[in-house]
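2 protein chains.
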Amino acid sequence: MKEINIAILGFGTVGRGVYELLEKNASLIYQKTGFYPRIKKILVKDLSKKRNKNLPNNLLTTHIEEILEDDDIPIVCELIGGINPAKEFVLECLRKGKQVITANKAILAECGDEIWKEASKYRSYLGFEASVGGGIPIIKTIKEALIGNKIKSIVGIVNGTTNYILTKMLENQLSFKEALKEAQAKGYSEADPSLDIKGWDSAHKISILASLAFGIYIPFSKVYVEGIENIDLLDLKFAKDFGYMVKLLAFAQKEDRGKLEIRVHPTLIPENHVLASVRLNYNAFYITGDFVGDILLYGLGAGKEPTASAVISDIVSAMEYLSFKKEPFIKYPVVEENLEKFIKPIEEVEFKYYIRFSAVDKPGVLSKISGILGKYEISIASVVQIGRQKKKGSVPIVMLTHESKEKNLKKALKEIDQLEVVTALTKKIRILDL
Amino acid sequence: MKEINIAILGFGTVGRGVYELLEKNASLIYQKTGFYPRIKKILVKDLSKKRNKNLPNNLLTTHIEEILEDDDIPIVCELIGGINPAKEFVLECLRKGKQVITANKAILAECGDEIWKEASKYRSYLGFEASVGGGIPIIKTIKEALIGNKIKSIVGIVNGTTNYILTKMLENQLSFKEALKEAQAKGYSEADPSLDIKGWDSAHKISILASLAFGIYIPFSKVYVEGIENIDLLDLKFAKDFGYMVKLLAFAQKEDRGKLEIRVHPTLIPENHVLASVRLNYNAFYITGDFVGDILLYGLGAGKEPTASAVISDIVSAMEYLSFKKEPFIKYPVVEENLEKFIKPIEEVEFKYYIRFSAVDKPGVLSKISGILGKYEISIASVVQIGRQKKKGSVPIVMLTHESKEKNLKKALKEIDQLEVVTALTKKIRILDL
Numbered sequence: 000m001k002e003i004n005i006a007i008l009g010f011g012t013v014g015r016g017v018y019e020l021l022e023k024n025a026s027l028i029y030q031k032t033g034f035y036p037r038i039k040k041i042l043v044k045d046l047s048k049k050r051n052k053n054l055p056n057n058l059l060t061t062h063i064e065e066i067l068e069d070d071d072i073p074i075v076c077e078l079i080g081g082i083n084p085a086k087e088f089v090l091e092c093l094r095k096g097k098q099v100i101t102a103n104k105a106i107l108a109e110c111g112d113e114i115w116k117e118a119s120k121y122r123s124y125l126g127f128e129a130s131v132g133g134g135i136p137i138i139k140t141i142k143e144a145l146i147g148n149k150i151k152s153i154v155g156i157v158n159g160t161t162n163y164i165l166t167k168m169l170e171n172q173l174s175f176k177e178a179l180k181e182a183q184a185k186g187y188s189e190a191d192p193s194l195d196i197k198g199w200d201s202a203h204k205i206s207i208l209a210s211l212a213f214g215i216y217i218p219f220s221k222v223y224v225e226g227i228e229n230i231d232l233l234d235l236k237f238a239k240d241f242g243y244m245v246k247l248l249a250f251a252q253k254e255d256r257g258k259l260e261i262r263v264h265p266t267l268i269p270e271n272h273v274l275a276s277v278r279l280n281y282n283a284f285y286i287t288g289d290f291v292g293d294i295l296l297y298g299l300g301a302g303k304e305p306t307a308s309a310v311i312s313d314i315v316s317a318m319e320y321l322s323f324k325k326e327p328f329i330k331y332p333v334v335e336e337n338l339e340k341f342i343k344p345i346e347e348v349e350f351k352y353y354i355r356f357s358a359v360d361k362p363g364v365l366s367k368i369s370g371i372l373g374k375y376e377i378s379i380a381s382v383v384q385i386g387r388q389k390k391k392g393s394v395p396i397v398m399l400t401h402e403s404k405e406k407n408l409k410k411a412l413k414e415i416d417q418l419e420v421v422t423a424l425t426k427k428i429r430i431l432d433l
Numbered sequence: 000m001k002e003i004n005i006a007i008l009g010f011g012t013v014g015r016g017v018y019e020l021l022e023k024n025a026s027l028i029y030q031k032t033g034f035y036p037r038i039k040k041i042l043v044k045d046l047s048k049k050r051n052k053n054l055p056n057n058l059l060t061t062h063i064e065e066i067l068e069d070d071d072i073p074i075v076c077e078l079i080g081g082i083n084p085a086k087e088f089v090l091e092c093l094r095k096g097k098q099v100i101t102a103n104k105a106i107l108a109e110c111g112d113e114i115w116k117e118a119s120k121y122r123s124y125l126g127f128e129a130s131v132g133g134g135i136p137i138i139k140t141i142k143e144a145l146i147g148n149k150i151k152s153i154v155g156i157v158n159g160t161t162n163y164i165l166t167k168m169l170e171n172q173l174s175f176k177e178a179l180k181e182a183q184a185k186g187y188s189e190a191d192p193s194l195d196i197k198g199w200d201s202a203h204k205i206s207i208l209a210s211l212a213f214g215i216y217i218p219f220s221k222v223y224v225e226g227i228e229n230i231d232l233l234d235l236k237f238a239k240d241f242g243y244m245v246k247l248l249a250f251a252q253k254e255d256r257g258k259l260e261i262r263v264h265p266t267l268i269p270e271n272h273v274l275a276s277v278r279l280n281y282n283a284f285y286i287t288g289d290f291v292g293d294i295l296l297y298g299l300g301a302g303k304e305p306t307a308s309a310v311i312s313d314i315v316s317a318m319e320y321l322s323f324k325k326e327p328f329i330k331y332p333v334v335e336e337n338l339e340k341f342i343k344p345i346e347e348v349e350f351k352y353y354i355r356f357s358a359v360d361k362p363g364v365l366s367k368i369s370g371i372l373g374k375y376e377i378s379i380a381s382v383v384q385i386g387r388q389k390k391k392g393s394v395p396i397v398m399l400t401h402e403s404k405e406k407n408l409k410k411a412l413k414e415i416d417q418l419e420v421v422t423a424l425t426k427k428i429r430i431l432d433l
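As they're listed, the protein sequences go chains X and D. Going by numbering that gives the first Met the number 0, the first residue of the first sequence is number 0, and it counts up by one from there. Going by numbering that gives the first Met the number 0, the first residue of the second sequence is number 0, and it counts up by one from there.
No wet-lab data here; the hints were simulated from the structure. Heads up, some of the hints might be wrong.
Claimed, not checked - Straight-line alpha carbon distances no greater than 30 Å define the calculated BS3-like cross-link-like pairs of lysine-lysine that follow:
#	chain 1	residue 1	chain 2	residue 2
1	X	K31	D	K367
2	X	K351	X	K149
3	X	K426	X	K367
4	X	K23	D	K185
5	D	K1	X	K116
6	X	K330	D	K151
7	D	K258	D	K426
8	D	K325	X	K330
9	X	K258	D	K151
10	D	K149	D	K340
11	D	K151	X	K23
12	D	K185	X	K151
13	X	K142	D	K340
14	X	K340	X	K413
15	X	K151	D	K31
16	X	K367	X	K176
Said to hold, decoys possible - Non-contacting residues of chain X with respect to chain D, defined by C-beta distances greater than 12 Å in every case (computed):
#	residue
17	D71
18	K340
19	I396
Built from N, CA and C at the ideal position, the CB exists for glycine as well.
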């Protein structure tokens, strides 16, 4: 039996998932390929920590050198997460000529300049299917299945926590805080939920997907990001009245010879679009290519078992590379020095907008607001003004606009928010008429 | 520039799509891989046929030998379709050591015993992404992305024509015939639509997917098949009243150590399941694995450009194989002599059923029918009997049953249909509570 040795760095949720998968299905892989993947070492921080598994004594180590220096370990899976020390471990392994697999969004989206360069230089296999979308094969699909296509756009619901929150808010009439609490109780969200709800996790993921789809490393820092922390239930309901659902979308688009648009923000999408039916903590990727047209991949984007499934698919690719002593065939993203010329700033993008003003209930208010919008060439597609209330006070005015430049809208809203009749900061959500 | 020569057999819709894709995007593939795919020969039946393309004169040939004997053509795409002569061409190319790509469902589902054996024997690459699901990467997903999983089930809407018909019937209140006419007008259906509406196309596809997922060649002839030609609008509407949608599902399932179930038939699925939202001519594949959980792939399952996209993804795999002189790493399905022991006959499967009886509007009818059902141990979950009509005549009685064995239901319906009070053949549709 031809065995291939593997090391795992980090024995958290994903590491345990990979261990359990191989315990159960390594023989299945042997049957399908003729090679048996065997875990030889697991790097942990603390040997004395109590572990559920009956792990053989010699499996655990706290010394990365035991893995780096062992030429009998050709495949290393980095499943630690975070930037340090994960990044250095990955770079060291690449330099040692090992085949590397990582589930680490952060190092790919924030340190891709180093990672892609070293992977290309040392011609090592670097698998990262598990970094985006859990068990959904989105990396393989973009990299291999759609290789004959110019990718036009990727539109994704790529964070389960925020999608769960938005779903629960609308379906169960919850406030953002209540829905967040539910997500945390379900174990979907981290103790510090900022990474999810501020959109950063989604931004990491779209950075990776765009780099792959367009062949140029687009770091996280170039992604325009807004989270869902300011979304009110009221806005989800108004949106629905207009025939839209609000989703936190990760978006990347490049027209032929045009600049790249890349961003993450809450977005109104038509409620009859397939992405609008993605509920709870599910993820979905909607990709458009010049030949394939539109395809959608859907599933759970996180969790121990699905993520392990993705890591294993990369392990088998690494085994194949090893067994034929071959090098990566499809190139990694290129690191460009001057990225600005490739990326369109959000201020220059044109959107339709959903806008909700809070204003006093007096005659002439709508005229003032629409006057300012007109000044900035923002034309109104439809408007709902809630009828006069019994008690005096603030009323919502909700509008959908035609396409206008982001920078014009910003200026207009700034001016409107200074009006005396406007009682609270105006809310805007961008619309995507998929 | 490293060029790799390709021959195309057949210059119909898909062949032209592949030609056009390479005309447009071959340089993209060169940029991503360092190899340039070049079409060297196209096999056609008739040289004198008028063609839109300004094809170079020396590209076309009517002699397969010019391709088979040319050692400078290592990759051949069979895009002729049908069994003969496509099958012989594929086998000859495999024997010559060429890398073969085919979009041909029929030869894989009906002659897989020969094809898989020869591909394994000659250790040739055989790509067939385009045989199922157009540009949706379902083959790559099952074969590579889910390789660490025991596949539990595949549930697919794999034929666009029939899905279009069922969608239009319900949404526009059309009869089967009217909706079929519309599908034909749209160019979705063949002049002879039997392959689609009788479920045979779907059966070809599930045969290929099940062979891949379970590692054993499951020929088309072992798939239980029913089409949609007997579905009435009335049944779609009653199903909806019960909270179900009717879809033509292709289904394959294997429990650990259990037998394989494989079939194609109209099926009631819950209307809030993601598969129920697959409308018109879209395809979707819903796959469950022991680690990945449930994932869904969705898109257009046919058409010139999407299918070309799939062929190109296989061409790039073939180029990779060539450039490293490597052999297929993941094994082909095994051909078993005695398939019966692996497959569960439909008579032994337990289903819930939707049943619609047509009966005279007299007292005691329901009692007679339910008496016979009881005799065969079929218990009723819910029943709708339409109120007495003003005119005397036949009325529908609609039931949902609990799980019962197919063979029992068949016997019961046979007996019921012989009752004098029953005025037309009883309709049954199986239910899948996904």
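Checked hints:
1. Between X:K31 and D:K367 the alpha-carbon distance is near 55 Å, which puts this suggested pair outside the 30 Å criterion.
2. Taken as a hint, the X:K351 and X:K149 pair is honoured in the structure, with Cα atoms around 26 Å apart against an allowance of 30 Å.
3. The hinted pair formed by X:K426 and X:K367 meets the criterion: a straight-line CA distance of about 17 Å does not exceed 30 Å.
4. Between X:K23 and D:K185 the alpha-carbon distance is near 49 Å, which puts this suggested pair outside the 30 Å criterion.
5. Simply put, D:K1 and X:K116 have alpha-carbon atoms about 24 Å apart, close enough for the 30 Å limit, and the pair holds.
6. A C-alpha spacing of about 34 Å is found between X:K330 and D:K151, which places the hinted pair above 30 Å, so the restraint is violated.
7. Only pairs whose Cα atoms come within 30 Å are accepted, and D:K258 paired with D:K426 is accepted, the gap being roughly 28 Å.
8. Only pairs whose Cα atoms come within 30 Å are accepted, and D:K325 paired with X:K330 is accepted, the gap being roughly 19 Å.
9. With a CA separation close to 44 Å, the supplied pair X:K258 and D:K151 exceeds the 30 Å bound.
10. A threshold of 30 Å between alpha carbons decides the hint, and for D:K149 with D:K340 the separation of about 20 Å falls inside it, so the pair holds.
11. Restraint check: the Cα-Cα separation between D:K151 and X:K23 comes to about 15 Å, which is no more than 30 Å; the hinted pair holds.
12. With a CA separation close to 26 Å, the supplied pair D:K185 and X:K151 stays within the 30 Å bound.
13. The straight-line distance between the Cα atoms of X:K142 and D:K340 is roughly 40 Å, outside the 30 Å bound, and the hint therefore fails.
14. For a cut-off of 30 Å, the pair hint linking X:K340 to X:K413 stands: about 29 Å separates their Cα positions.
15. Proposed proximity of X:K151 and D:K31 is supported: the alpha carbons are some 17 Å apart, at most 30 Å.
16. For the suggested pair X:K367 and X:K176, the alpha carbons sit about 34 Å apart, so the restraint of at most 30 Å is broken.
17. Distance check on X:D71: its Cβ is at least 21 Å (rounded) from any Cβ of chain D, clearing the 12 Å threshold; non-interface status holds.
18. With a closest Cβ-Cβ approach of about 19 Å to chain D, X:K340 is found to remain outside the 12 Å limit, as its non-interface label requires.
19. With a closest Cβ-Cβ approach of about 34 Å to chain D, X:I396 is found to remain outside the 12 Å limit, as its non-interface label requires.
Hint compliance for this structure: hints 1, 4, 6, 9, 13 and 16 are not met, and every other hint is.
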